[in-house]
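Next come the chains, spelled out residue by residue.
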Amino acid sequence: MIELLFIPLIATLFLAIFIKNKKVTWPLFLAVNGYVLYKLYSIYGMWSLSNKFDIGYEILGAKLTLGVSNNPIGWYFAFFSALITFIISIFSLGFNQKSKENVSVIWMLIIFSNLGIFFAQDWVIFFMMWEVMGWTSFFAITNARDKALDGAKYYLALSLIGASLMLIAISLLGAYTGTFAITPSIFGLIQVINSSNKIGIVILLLFLTTFLIKSAAFPFYMWPQKVYAEGPEDYITFMSSVMIKYGIYPMAIFIVPVVGSIDLPKILNTGNILQYVIGYIGAISAVLGTLLAIFQTDMKKLFAYSSVSNMGYILLGFASMTIVGFEGSLFHVVNHMILKAAIFLTLAAVVFRTGESEMHKLGGLVYRMPLTFMTFLLGIIAAAGIPPLNGFGSKWMIIQALMSRKMVVFAIAMIFASTGAFMYLFRALASIFLGQLPDRYKDVKEVPLTMALPMLIMMVLMLLVGVVPGVVMKPLTSALKAVGYNVEVASLTVLEGSLKNATIDLKIVFYMFVAGVIISAIMYLFGNKSETVPQNDNYTGGEYPEEWGVDADRFNYSYAFYQPFKEMFDPLLEAISIDDFFASVGRNFEYMSNEVQALFKRGEGAVLLFSIGVLLLILGGLII
Amino acid sequence: MITVLRVFLFGLFAIFIGLLFMGIGRKVIARIQLRYGPPFYQAFIDVGKLFSRKSITHNFVMDLGMVMSLGGLLATMLFVPIAGHVAIKTSTNLIVIMYLMAIGYLGMAMAVAASGNPNATIGVSRALTMMLGYEVPFFTVMLGLIIFNGTSSLELISNAQAGSILNWNMIKFPLAFIAAEIALQAMMGEKPFDAMIAPAEIASGPMVELSGKYLGLAFLTHAVAIFVETAIIVNLFMGGASNVFTFVLKQFEIYLITVFIEAVFPRFKIEQAVKFLWTVPMGIAVIQLILILV
Chain A
1 MIELLFIPLI
11 ATLFLAIFIK
21 NKKVTWPLFL
31 AVNGYVLYKL
41 YSIYGMWSLS
51 NKFDIGYEIL
61 GAKLTLGVSN
71 NPIGWYFAFF
81 SALITFIISI
91 FSLGFNQKSK
101 ENVSVIWMLI
111 IFSNLGIFFA
121 QDWVIFFMMW
131 EVMGWTSFFA
141 ITNARDKALD
151 GAKYYLALSL
161 IGASLMLIAI
171 SLLGAYTGTF
181 AITPSIFGLI
191 QVINSSNKIG
201 IVILLLFLTT
211 FLIKSAAFPF
221 YMWPQKVYAE
231 GPEDYITFMS
241 SVMIKYGIYP
251 MAIFIVPVVG
261 SIDLPKILNT
271 GNILQYVIGY
281 IGAISAVLGT
291 LLAIFQTDMK
301 KLFAYSSVSN
311 MGYILLGFAS
321 MTIVGFEGSL
331 FHVVNHMILK
341 AAIFLTLAAV
351 VFRTGESEMH
361 KLGGLVYRMP
371 LTFMTFLLGI
381 IAAAGIPPLN
391 GFGSKWMIIQ
401 ALMSRKMVVF
411 AIAMIFASTG
421 AFMYLFRALA
431 SIFLGQLPDR
441 YKDVKEVPLT
451 MALPMLIMMV
461 LMLLVGVVPG
471 VVMKPLTSAL
481 KAVGYNVEVA
491 SLTVLEGSLK
501 NATIDLKIVF
511 YMFVAGVIIS
521 AIMYLFGNKS
531 ETVPQNDNYT
541 GGEYPEEWGV
551 DADRFNYSYA
561 FYQPFKEMFD
571 PLLEAISIDD
581 FFASVGRNFE
591 YMSNEVQALF
601 KRGEGAVLLF
611 SIGVLLLILG
621 GLII
Chain B
1 MITVLRVFLF
11 GLFAIFIGLL
21 FMGIGRKVIA
31 RIQLRYGPPF
41 YQAFIDVGKL
51 FSRKSITHNF
61 VMDLGMVMSL
71 GGLLATMLFV
81 PIAGHVAIKT
91 STNLIVIMYL
101 MAIGYLGMAM
111 AVAASGNPNA
121 TIGVSRALTM
131 MLGYEVPFFT
141 VMLGLIIFNG
151 TSSLELISNA
161 QAGSILNWNM
171 IKFPLAFIAA
181 EIALQAMMGE
191 KPFDAMIAPA
201 EIASGPMVEL
211 SGKYLGLAFL
221 THAVAIFVET
231 AIIVNLFMGG
241 ASNVFTFVLK
251 QFEIYLITVF
261 IEAVFPRFKI
271 EQAVKFLWTV
281 PMGIAVIQLI
291 LILV
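Keeping their order, the protein sequence lines are chains A and B. Under our numbering, think of the first position of the first sequence as 1, with each following residue one higher. Under our numbering, think of the first position of the second sequence as 1, with each following residue one higher.
Note that these hints are calculated values from the structure, not bench results. Don't take every hint at face value.
Stretches of chain B that chain A covers, calculated by requiring three or more beta carbons in the stretch to come under 8 Å of a beta carbon on chain A [as the list claims (entries may be wrong)]:
1) 53-63
2) 107-117
3) 268-279
Here are a few chain A residues that face chain B, going by a calculated C-beta distance under 8 Å [what the hints assert, rightly or not]:
4) TYR367
5) LEU371
6) ILE381
7) ILE399
8) PHE416
9) PHE422
10) PHE513
11) ILE519
12) SER520
13) ALA521
14) MET523
15) PHE526
16) LYS529
17) TYR557
18) PHE565
Beta carbons: idealized from backbone N, C-alpha and C, even for Gly.
Let's have the full structure, built from the sequences with the hints guiding it.
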């Protein structure tokens, strides 16, 4: 068990030594990821594996232990993260041929902390790994690019706030439940809350805030777009598909069991208050993420907001507090990993070949990059949640759960978000790949083999999980069963809903789709021949441009794609800009720190500092 | 083998009925506007002619998209129960039907955007905006019925209304029916919700670059869309039917309402349309939903 963590750590050292030599680092990176994937595959089912160090030290009345163990849900997250990471690292081989910077060292360190988070047995290890992940991502995002600094700072600041909140929460948890181990602390916290102790709710909310920050849910939805727009594209793929799930994992193992079993006042007999809080955060994230994605012009920002919206779906599944919703959420975690990785890989390929990420400056790339186009097409079909690709099954389960709990507002929010998803997904497709190819990109080539291969794998994965959801649902349901949830191990292609007669066989959906396409293709072949014409041979209102003395020009409709729609929402979006809110908080902080600085200048500061120090010492003594 | 045959028969049946409706619809509109109008089988002649003509394509995405669009809608059609018959044994889940329908629209949008004509892309951008407009009220209506029946299977909802006409959801939940009708008007892209076609403005939008068999496929897609959408409404609100003939007759009634509205209304601008859909039908649907919940 422990070697799983140590190999990436040692690999980091080697990568750091060979940082100048790209021919060594990236193959080594790939090899270590391959090893991690293989190792994870081999420890499936061995839930008793663990390594524990008892350091025999007590703090806040709770025994301090450091341990990692192979827990089922953690394995589920870790395995699929490792799978996606492995595929991305194949892509990185080709992608980083030309780049000057080398992100592999930091990235490997993040993979180490990734495994640590998923396999942590107690909050101390969890917090340490969480911290490692927080500051290392800062360096990975900036990666020696000056313009990425702003986004990275924003991310770092949010991470630090989250980490401090979690530190407080962990200390309180230790003090009130007497343990730092994760599983016993769940029962401890439930007891604390059920004995109507307000502090229990505070602990829960502190944890929740930290996790919401990491999963970019509603009040913290700004960091993905700032970070994804500037970071190195292959690392951003990892970040958008894998790292954004770090907040979801502790929610699944800690928040959901606690919220599900505490006594709190109920709303309309459907769910308790906290459930509704999580639900509303999810619903707002889903709707707001969708709306903001519709109005972006930068493709990476667009998909950053799409991630926010998808995190919203996952929270909605948690909020339903039914087993179908819970399974659906965890299933969506993996689906989103796969489809977002596929989409971001294609975006990385587009940036790699054209150096452009503003959608309206691209266009017509399907003429030059058909494979990238196909991957992107399947990716957006999956992201829109259309069968027979993945993304549908999990959304369907979540919405079934919401309907069975009569949470109508959440169900409508979810439908709004997933219909709005067609708008932004299609806009990206049309603006990047369809339309007319600008002359400056007429020499663009398809990506090299090392980058094409991961895309092909991604296409297969999306179709496979879409038609045979069992490949993900079987490990998931077995894992849930192993931790004590009352579930049956899922079958290969059938998904169970929670309403009456709600069973869908995705295999049949796939067959029906194929049947439809076959009938349609017969009709197509039945028709007369067609000839292919050049792209500017278009309908021009019955006039010939030459007769007017002008040349045919390239013209795409892609800048203000949804202008009338945007005008409807402008007042709303101006009213709820979180950035403005943070800016005002920042101004207040600045004001405060200026005041403090002024105190120092007048010499009173030293006295003040001294007295604060004394106060802290006294308080610290009292607590310990 | 039998299943394959059934699937083909269901597909061809939907295309046939859809085209027939389109032809009759044109005739009805002509009579309302005091014209003579084309014969009721005109749509068949049109499709035959289009498929026999030569056509132009810009790239393989156009071919792929058009095939995907008809294919997606035909696949949807196979999930909709027609007078209690489904092409293949499934749970006729409403959410599956709604999502599958989207792949047809996506294929069509992709095909026309690939043609490189900005008019087509403008049309698609409007169509997708409109989609967000009508999907939300329509889903709210469905949500009410799903919660009332405790199932999301279209077949069970339809069976629950068997017996007398008083059991029909149309009678029990008149508000939901009105909201669904308005949403249906937008779903079919008929006036006043035809901003995406708008011939005088953006040269028929999505259809601008389609010719020959591509336009023919678009016709067939529209025909199947009419069939699927009216069939969903009949199953949701009019209790399905005991035989195919009655079922098609009920579908035709629903289609006639749409055609009557189409014949006399002018066109909304796209933002007016979305605002209208989110206020009037959505408001009605929410009132009905609250009535069902309490």
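Results of checking the hints against the structure:
Counting residues of the region 53-63 of chain B whose C-beta lies closer than 8 Å to any C-beta of chain A gives 10; at least three are required, and the coverage claim holds. Coverage of a stretch by a chain is defined here by at least three residues with a beta carbon nearer than 8 Å to that chain's beta carbons; for the region 107-117 of chain B and chain A the count is 7, and the condition holds. Counting residues of the region 268-279 of chain B whose C-beta sits closer than 8 Å to any C-beta of chain A gives 5, which meets the bar of three, so the coverage hint holds. At a threshold of 8 Å, the smallest CB-CB gap from TYR367/A to chain B is about 6 Å, leaving the interface hint in force.
A hinted interface residue such as LEU371/A counts as satisfied when its beta carbon comes closer than 8 Å to some beta carbon of chain B; here the least separation is about 12 Å, so the hint is violated. With a cut of 8 Å, the hint placing ILE381/A at the interface with chain B holds, because the nearest CB-to-CB distance is about 7 Å. The closest approach between the C-beta of ILE399/A and any C-beta of chain B is roughly 6 Å, which is under the 8 Å cut-off, so the hint is satisfied. Taken as an interface hint, PHE416/A checks out: its beta carbon lies about 5 Å from the nearest beta carbon of chain B, inside 8 Å.
Because the closest C-beta pair between PHE422/A and chain B is about 6 Å apart, less than 8 Å, the hint holds. A distance limit of 8 Å between C-beta atoms decides the matter here; for PHE513/A the minimum to chain B is near 4 Å, and the interface restraint holds. The interface hint given for ILE519/A holds, since its Cβ lies 5 Å from the closest Cβ of chain B, which is under the 8 Å cut-off. With a least beta-carbon distance of about 4 Å to chain B, the hint placing SER520/A at the interface is held under the 8 Å criterion.
A hinted interface residue such as ALA521/A counts as satisfied when its beta carbon comes closer than 8 Å to some beta carbon of chain B; here the least separation is about 5 Å, so the hint holds. Proximity of MET523/A to chain B holds as hinted, the smallest CB-CB distance being about 7 Å (cut-off 8 Å). At a threshold of 8 Å, the smallest CB-CB gap from PHE526/A to chain B is about 6 Å, leaving the interface hint in force. With a least beta-carbon distance of about 6 Å to chain B, the hint placing LYS529/A at the interface is held under the 8 Å criterion.
This hint holds: TYR557/A has a C-beta 4 Å from the nearest C-beta of chain B, less than the 8 Å allowed. The beta carbon of PHE565/A comes within 5 Å of a beta carbon in chain B, closer than 8 Å, and the hint placing it at the interface holds.
In summary, the one numbered hint that this structure violates is 5.
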